[in-house]
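J.: Make the full structure from the sequences, and use the hints.
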Amino acid sequence: MNPITPIINGMSITFKHMFLKPVTLQYPTERPKVAARYRGLQGLKVSHDKAKCVACYLCPTVCPAKCITVEAAEDANHDKYASKYEIDLLRCIFCGYCVEACPVDALKMTSEFELASYSRKDFIYSKERLLEKQ
Amino acid sequence: MVNLTINDKQVTAPKDCTIYEAAKLNGIKIPILCHDKKLKPFGACRMCLVEVEQMKGRQIPSCTTPATEGMIIRTDTPEIIKARKLVLELLLLNHPLDCPVCDKGGDCDLQNLTYDYQVDSNRFVDSKFQHEIDYNNPLIERDMNRCVLCGKCVRICDEIVAFGALTFIDRGIETKIGCDFEKPLDCEFCGSCVSVCPVGALLARPFKHKARFWALTNHNSVCGYCGTGCNLTLGVKDNKVLTTVYNENQGFHKGQLCVRGRFGYQFINSENRLTTPLIRKNGRLTEATWDEALEIVATRLKGGNSVAALATPRLANEELTLFKKMMLDNIGSKNFDNSAGYAHAALTEGFVRSFGSAASSASILDIQKSDLLLVVKTDTYETHPVIGFEINMGVKNKGIKLNILSDKRGKLSKLPGANTQVHIPGAEVAVLNALCNSIIDQKLADDSAVSLPGYPELVKALAGFTPETVAATSGITAESINKLAADYASAEKALILFPTGLGYAGHTADLATAVANLAILTGKFGKEGCGVLCLSEKNNSQGAVDMGFYPREGGMNALQILDACTSGTVKTLLVAGENPLTSYPDNAKVKAALDAVEFLIVSDLFLTETAELADIVLPACSFAEKEGTYTSTDRRVQYVKPAINKIGKSKSDFEIISSLIAKMGGTPPVTPAVQFAEISANTPGYESMTYATLGNEGAFAPVSINPVFVVPVAAQITAAQGKLALVTGSVLYHNGTLSQHGEGPVHVCPDAYVEMSRADAISSSINDNDLVTVSSSSGSLQLKAKVSLRIPEGVVFIPYHFPAAPVNKIWSGSAVTMVSLSK
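Line by line, the protein sequences give chains U and P.
Numbering (my numbering) for the first sequence: 1 to 134.
Numbering (my numbering) for the second sequence: 1001 to 1823.
No lab work stands behind these hints: they were computed from the structure.
Keep in mind that the hints are not guaranteed to be accurate.
Part of the chain P face toward chain U, derived, beta carbon under 7 Å [said to hold, decoys possible]:
no., residue
1, P1100
2, V1101
3, Y1135
4, N1136
5, R1212
Under the rule of at most 20 Å between Cα atoms (straight-line distance), these lysine to aspartate or glutamate pairs were calculated in the EDC-like manner [what the hints assert, rightly or not]:
no., chain 1, residue 1, chain 2, residue 2
6, P, K1210, P, D1238
7, U, K80, P, E1349
8, P, K1037, P, E1021
9, U, K127, U, E114
10, U, K80, P, D1076
11, U, K80, P, D1134
12, P, K1281, P, E1609
13, U, K52, P, D1098
14, P, K1571, P, E1612
15, P, K1210, U, D79
16, U, K50, U, E30
17, P, K1210, U, E100
18, U, K45, P, D1126
19, P, K1324, P, E1627
20, P, K1208, U, E132
21, P, K1210, U, E74
22, P, K1208, U, D75
23, P, K1240, U, E71
24, P, K1237, U, E71
25, P, K1208, U, D49
26, P, K1029, P, D1076
27, U, K84, U, E30
28, P, K1649, P, E1271
29, P, K1210, U, E30
30, U, K84, P, D1238
31, U, K50, P, E1271
32, P, K1237, U, E86
33, U, K80, P, D1098
34, P, K1009, P, E1021
35, P, K1128, U, D79
36, U, K45, U, E100
37, P, K1208, U, E114
38, P, K1176, P, D1126
39, P, K1024, P, D1076
40, P, K1649, P, D1291
Just so it is clear, CB atoms sit at the ideal spot from N, CA and C, and this is done for glycine as well.
T.: Structural data, given as structure tokens:
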């Protein structure tokens, strides 16, 4: 084969791509479209102005990374609720088992993926931070 | 034994068992909701249906059908499975599906069966129950919406606890479990119903929402309260004891516990626990390091005979022997004692004289093997509730005769056929002497008795105790005394029970010898179902006696030590776990002694009233945090392992004493196991015991008996006009002063009270809950009044556990104190 041919082939591909839609994203000015079933940061769902979570402890039980801490308590109506619900994102592997295990559909995986932070303690997401934003 | 075939497997089973038990014995699992090992067959749930070929293949409940020879049984045919699924469907029709919020989730029989049988849909439609849930009870939460009507709670409360708080009320679809007239639950809160409930209808409120069952690590342990030595399973999560877990295979009592054992565990993780050593600086206790504290303590302990020690019999055997060794070898003092001295005198003086051995010659297992029980001066339901359950089961299931000789009535008196003789407080030894007299008179004494040493002296001494003369001063008729004597002597096997403890000042060596005489006279000792069982108060009271942690060869006893503190002979006092200010007699004297002593060192779990006076307080740790052995009242030696890590900077008494020995130049043992090897080498009965051989069950230390008749001294009672006899003792919900730190007991019985008869209440115009001033020659105390039917006229009862109202302000240790009441 002529040694020039591969270079021409290569250059032609490069040249062709100059007219195609770019595959890279100009993040952060451009935002990616996250798939509907993307597993990002967990969120606690809200119903009737309070968290749906009943602190059944199934998510900490099923969690393979042991990153969820739940503490249950009794409210004024003697209902069980999570007085503490924490996810340590440094340990979370975003497997989504917690969502699958939840018997009351109180947990979901949001599309939020920008989870970087400067200090370790900021990776511990408390109940307030996880609650679904209205 | 009978031979039967279950699922094509040839099996054998004992003659008296049901099909269910036969299957279980042979490892074949039959699902069931309404069965418990301890309870009689009931047949409520219809889950355990099996087919028996001889019964034309009909489906019969295996839990109520006796296994007979040659039965061919199938437990898992498609028809049976269909029937079981139907039962589950019908149960789930009304049972709320609130597993996520139900604390029983994970440990629920119904949940497990639903999963096993894959009942994921229901062919029927009905509404759920709307019963009101009892959230108000501090210990037991009742949610009858979840109930499956297995009746276990009703049966355990009736058959074993003998309280009968719960029953089936209403009929048909409306049936539910409740109290009489649908009143709130007001029982003794032993929690037995909670332990057997197969669903979440009855739950332990202190454990509510604390953790899931699967998150708990179970640790076998031994209860740290009374001397019964019940086995306990502690449910631990994150280094916290969160609950006690029921295990029907545990101990002689098969997992059965009382309110203290089941609900009194909170002291272990109490926020009030001491976590660091405290040293008094400028009059205030301030935090310090262990090194600093131990250095001072070790210097102070180098005082020979001017050093004395008081230890609680809640310490393990290893700690007590090491403590004793330190006192004798490193300090050079013989002044050490436990339990105010008198609480162990029945054993160390009474039994030593009569039986030649400081231990009871019977075990708790003898209760059910006996024909007659004579319970002296106790309501075991109150002092040792689990022994009370044993007595109840013996009386109800085996027809054991029950005779009670006491200064007040109790729950035992309510058992069927119980013969209760109430005597005037202080007359117990005279009555027991009269019983002996009557036995000799009626020629019912055992032939062997005549030849035993001391017999002639006893006969001579008993001359003054004819039933007629004693009847005049004891409040029991001569007829009853004669009948009681004849009953006891003619029973083939008879067992006597009596308690000792800090609250029972009258239970002296003389009471022990009087009781022993009765047993020796009739030859009722050293045999199965016979003997005398001295019920010790604390979990290791018997151990403290076995280890010799009491003064011998010229040492001072507890009360003499306190006197010596006041006089200045004792300069350093080391108190381990005791709280003399509340529990020893004569508050003023104890206070004066603790104030006067030059240097007071207290090691305890809590900053008790006594610790507040100390110069140095060392934080000790509880039974759940240490390794060691405890000896129960019937000399069962049981081994406990730590269930949690030590709280804060606390150390076990073993470690504290070891470091002190090291600081004083000695060589302490490396581990409790090494110390136990020394115990088993030196303690009679403990030979060949090691931690490995003790295992989970423990082992009995045998007792050798050498009977001798000893003449007991009967107390002289002087009745004062218009005054009442004060009887002190312990109350069901508490044990010593430790249970004051357990939330459960405190919820049910928070304060001291004075219990009196209705007649006395009327004559002093006192109503229930009135604030009454009780005064004696040594002081006065304000207490809430409790009018009850069980107390005889002329007697008042005050429990001793409460630091806020210590009975020792009006009681100075005499068996009977005369008091007056005023509003």
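J.: Regarding the pair P:K1029 and P:D1076, is the alpha-carbon distance no greater than 20 Å?
T.: OK: P:K1029 and P:D1076 at ~10 Å, within 20 Å.
J.: Measure nothing beyond the straight line between the CA atoms of U:K80 and P:E1349; if it is 20 Å or shorter, mark the hint as holding.
T.: Status violated; Cα separation ~57 Å.
J.: Does the structure keep U:K52 and P:D1098 at a Cα separation of 20 Å or less?
T.: holds (14 Å)
J.: Does P:D1238 lie within 20 Å of P:K1210 when you go C-alpha to C-alpha?
T.: Distance of about 11 Å is within 20 Å: holds.
J.: Please verify whether P:K1237 and U:E86 have alpha carbons no more than 20 Å apart.
T.: This hinted pair holds, its Cα atoms lying about 18 Å apart.
J.: Check whether the Cα positions of P:K1208 and U:E132 lie no farther apart than 20 Å.
T.: violated (28 Å)
J.: Is the hinted pair P:K1237 and U:E71 satisfied, with a Cα-Cα distance of at most 20 Å?
T.: Holds - the C-alpha atoms of U:E71 and P:K1237 are around 12 Å apart, at most 20 Å.
J.: Straight-line Cα separation of U:K50 and P:E1271 no greater than 20 Å?
T.: violated (31 Å)
J.: With a cut-off of 20 Å on the C-alpha distance, tell me whether P:K1649 and P:E1271 pass.
T.: OK: P:K1649 and P:E1271 at ~14 Å, within 20 Å.
J.: P:K1037 and P:E1021 were given as a pair; does the straight-line alpha-carbon distance stay at or below 20 Å?
T.: holds (9 Å)
J.: Verify the proposed pairing of P:K1208 with U:E114, using a straight-line Cα cut of 20 Å.
T.: violated (38 Å)
J.: Holds or violated: are the alpha carbons of P:K1240 and U:E71 at most 20 Å from each other?
T.: holds (14 Å)
When the structure is compared with the earlier hints, violations turn up for hints 4, 7, 10, 16, 17, 18, 20, 25, 27, 29, 31 and 37 and for no others.
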